[in-house]
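A.B. asks: Protein chains in written order, with the working numbering: chain F, 1 to 148; chain G, 149 to 291.
Keep in mind the hints are simulated off the structure, nothing from the lab. Hints may be right or wrong, so weigh each one.
Computed spacing ranges between beta-carbons, pair by pair [said to hold, decoys possible]:
#: 1; chain 1: G; residue 1: R221; chain 2: F; residue 2: G129; range: 16 to 24 Å
#: 2; chain 1: F; residue 1: G110; chain 2: G; residue 2: A158; range: 16 to 24 Å
#: 3; chain 1: F; residue 1: T79; chain 2: G; residue 2: P194; range: 26 to 34 Å
#: 4; chain 1: G; residue 1: V181; chain 2: F; residue 2: T108; range: 47 to 55 Å
Every residue, glycine too, gets a C-beta built ideally from N, C-alpha and C.
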Amino acid sequence: MSPTDDIRIDPRGYRFGALVTLAFALAALILGPNAAGIILMAVLTAMFLPGATVGPHVTVQSFLFRTFIRPRIGAPTETESFRPPRFAQQMGLVMAAAALVLGLAGVTAGFFVFAALVTVASFLNGVFGFCAGCEIYLLLKRATTKAA
Amino acid sequence: MLLRLLAIGALLAVASVAYVWWSRQQGRVRHVVVAGALTPADLGAPRGQRATLVQFSTPMCAKCPPTRDLLLRVAADDPYVTHIEIDASEHLDLARRLDIMRTPTTLVLDAAGVVVSRMNGAPSEAQARAALAEVPPPTEYSI
Numbered sequence: 001m002s003p004t005d006d007i008r009i010d011p012r013g014y015r016f017g018a019l020v021t022l023a024f025a026l027a028a029l030i031l032g033p034n035a036a037g038i039i040l041m042a043v044l045t046a047m048f049l050p051g052a053t054v055g056p057h058v059t060v061q062s063f064l065f066r067t068f069i070r071p072r073i074g075a076p077t078e079t080e081s082f083r084p085p086r087f088a089q090q091m092g093l094v095m096a097a098a099a100l101v102l103g104l105a106g107v108t109a110g111f112f113v114f115a116a117l118v119t120v121a122s123f124l125n126g127v128f129g130f131c132a133g134c135e136i137y138l139l140l141k142r143a144t145t146k147a148a
Numbered sequence: 149m150l151l152r153l154l155a156i157g158a159l160l161a162v163a164s165v166a167y168v169w170w171s172r173q174q175g176r177v178r179h180v181v182v183a184g185a186l187t188p189a190d191l192g193a194p195r196g197q198r199a200t201l202v203q204f205s206t207p208m209c210a211k212c213p214p215t216r217d218l219l220l221r222v223a224a225d226d227p228y229v230t231h232i233e234i235d236a237s238e239h240l241d242l243a244r245r246l247d248i249m250r251t252p253t254t255l256v257l258d259a260a261g262v263v264v265s266r267m268n269g270a271p272s273e274a275q276a277r278a279a280l281a282e283v284p285p286p287t288e289y290s291i
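Kindly generate the complete structure, drawing on both the sequences and the hints.
C.D. replies: Laid out in structure tokens, this is it:
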């Protein structure tokens, strides 16, 4: 359950990261699928990339947290595995990319639906510490793996 | 624009209410009836002589490691209580059979391996102790 190649991260860091994501997603949702909204969604998609491929410790949000916030609040009392937040970043990447592609394709409703999903997930994560990916992972596994 | 802001506000309000409802369900002890007993072969580990806490986890579960620590602490108080952790994503057949939809989910088994109750989500220490207290002590035969 705890392989030795685990990376421990500061849970406050990715909650802060979720709030940064929330700011981008909210702004894109308010602007809608016009040029400005689509550029914001493209930036957000790019910001998800490092977290989804390597892990939440190499994101821009994480860099901002370590540089400006962590020195003021001190070391964390507990750390968490990087795996659940990395999975969350992968989900965020898929949803933001879907909003971006649908926005570019002129599917207005699709842009709003996926931008709203990113907004709600990052809101719950940043404000309450709720991990949507943690809840969805097993359901996804159950749905995609056939019974033996 | 105003309409859109109102819609976003409503969306986040609904999400907040849903979260509060969800967090209140966390770890609630539910009494369930599951046909048959869980054997050590099912569980991949020996059962406790009085009770067994079977925790289903996945690697993508932030609350699972702290729940394991909590349940191990609770189980340590009684030499006849055992804690077993199972990766639900690797044992999907067992997860389907026992209707495990999320992690952590903890089943409380009696001495015979019959499910007495389950806690969906991370329980508090009081919830875990209450669930365990309901399991009858082992009979003389089972020791």
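A.B. asks: Kindly confirm whether 47 to 55 Å is satisfied by the beta carbon distance between V181(G) and T108(F).
C.D. replies: 50 Å, holds
A.B. asks: Quick one: are T79(F) and P194(G) within 26 to 34 Å, going by C-beta?
C.D. replies: Since the Cβ atoms of T79(F) and P194(G) sit about 32 Å apart, the hinted range of 26 to 34 Å holds.
A.B. asks: Has the hinted range 16 to 24 Å been met by the Cβ atoms of G110(F) and A158(G)?
C.D. replies: Check passed, 20 Å falls within 16 to 24 Å.
A.B. asks: A range of 16 to 24 Å was offered for this pair. Does it hold for the Cβ distance of R221(G) and G129(F)?
C.D. replies: 22 Å, holds
The earlier numbered hints are all upheld by this structure, with none contradicted.
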